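Trainee: Sequence:
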Amino acid sequence: MTSKALTVPAVALGTWAWGDSGEAGDGYFGSQLSESGLREVVEKAQSNGFTLWDTAVAYGMGRSETVLAQALKGYHRSEYQLSTKFTPQMAGDGDDPVADMLEQSLDRMRTDYVDLFWIHNPADVARWTPSLIPLLKSGKIKHVGVSNHNMEEIALADQILGEAGFRVEAVQNHYSLLYRSSQRAGILDYCREHDVRFFSYMVLEQGALTGRYSPANPLPEGSSRAAVYNGILPQLQALTDRMGVIGKDRGAFAADVATAWAIAKGTTPIIGVTKAGYIDGLVRARGIELADEEIAELEALADDAGVDTRGWWEHEM
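Counting in UniProt numbering, the final residue of the sequence shown is number 317, and the numbers go up one at a time with none missing.
Hints listed in this document are in silico derivations from the structure and should not be mistaken for laboratory results.
Everything numeric in this text was worked out from a predicted model, so none of it was measured.
Among the clues, some could well be false.
[What the hints assert, rightly or not] Cross-link-like lysine to aspartate or glutamate pairs, in silico, EDC-like; alpha carbons within 20 angstroms at most:
| # | residue 1 | residue 2 |
| --- | --- | --- |
| 1 | Lys73 | Glu35 |
| 2 | Lys265 | Asp292 |
| 3 | Lys44 | Glu79 |
| 4 | Lys248 | Glu299 |
| 5 | Lys248 | Glu294 |
| 6 | Lys142 | Asp96 |
| 7 | Lys265 | Glu193 |
| 8 | Lys137 | Asp96 |
| 9 | Lys265 | Asp303 |
| 10 | Lys265 | Glu221 |
| 11 | Lys140 | Asp107 |
| 12 | Lys137 | Glu193 |
| 13 | Lys265 | Glu289 |
Model the full structure from these sequences, guided by the hints.
Mentor: Below, the structure written as structure tokens:
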């Protein structure tokens, strides 16, 4: 009954920041995104085999989905995969809020199906998961994932879908060198054993792990990420310095190493792309093979930093 197994590129592309209002200076990262700039991102990504685009209604109240569809115009629907989300906290009060939110997404993205549809946050697994079954049967969604769910919630969602002959095929959680709760909770092992694709987001910790920022060159003041990360940049210095050195040996940068680490852990990183140049980094990261001792060293340095970057929206894994 299920469609063929989910296959994805080495890295998925995140469009959270594409949901900014489009007004100059109003971007999440102070970005000034233009239609031509995003079209350039799409063309470079698609030609390099990065063809999975991750969005959500919650990103700019649907604006990200609209902008993404515009940027993908002219590509055949079979040439890319769309990943979007049902966010329980935004559910309407109709008879079937999941189907309603999906219809709005399909409309904005000018398509009749979504390759990967996520329950965004674990509000009430038993309540929302069954609504996915008719959508899977109709072909409007091809695969189901759960985001920010813990082990118990993942298992319950999988059980509910399993009764109808479907399953949870993907998990999307915050996972980075600095935040490995999904690994400690056994979620990565579970995904490996059950052939579930694990998508890691915030791999670069909103820029704090790119090596571009340091106590001397902090994140832009006044931004929400500055408030979260600037205070811990001194603790991250040893880690980002080492990532820089490992990268340099391979003609790459610290950010590429952070992404390569997430790939080496068997996960599919979701990397936010707002500039075409970011795709070059993903090409480099895809080609980096980290040695086991390098992985161990980076994780030890990350542990030594002693920071907790759990987001306000996340519960303990």
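Trainee: Hints first: check each against the structure and report whether it holds.
Mentor: Against the structure, the hints come out as follows:
With a C-alpha separation of about 11 angstroms, the suggested pair Lys73 and Glu35 falls inside the 20 angstroms cut-off, and the hint holds. Between Lys265 and Asp292 the CA atoms are separated by roughly 10 angstroms; this keeps the pair inside 20 angstroms, and the hint holds. With a C-alpha separation of about 13 angstroms, the suggested pair Lys44 and Glu79 falls inside the 20 angstroms cut-off, and the hint holds. Between the alpha carbons of Lys248 and Glu299 the distance comes to roughly 19 angstroms, so the proposed pair stays at or under 20 angstroms and holds.
Restraint check for Lys248 and Glu294: the C-alpha separation of about 14 angstroms stays at or below 20 angstroms, so the hint holds. Of the supplied pair hints, the one linking Lys142 and Asp96 holds, its CA atoms being roughly 19 angstroms apart against a limit of 20 angstroms. Of the pairs offered as hints, the one joining Lys265 and Glu193 holds, with about 14 angstroms between alpha carbons and a cut-off of 20 angstroms not exceeded. Taking the CA atoms of Lys137 and Asp96, the gap is about 16 angstroms. The hint holds against a cut of 20 angstroms.
At roughly 16 angstroms between alpha-carbon atoms, Lys265 and Asp303 fall within 20 angstroms of each other, so this suggested pair holds. Distance restraint check for Lys265 and Glu221: the Cα-Cα separation of roughly 33 angstroms exceeds the 20 angstroms cut-off, and the hinted pair is therefore not satisfied. Of the pairs offered as hints, the one joining Lys140 and Asp107 holds, with about 12 angstroms between alpha carbons and a cut-off of 20 angstroms not exceeded. Distance hint between Lys137 and Glu193 is unfulfilled; the C-alpha atoms sit about 26 angstroms from each other, more than 20 angstroms.
For the hint linking Lys265 to Glu289, the alpha-carbon distance of about 11 angstroms falls within 20 angstroms, and the restraint holds.
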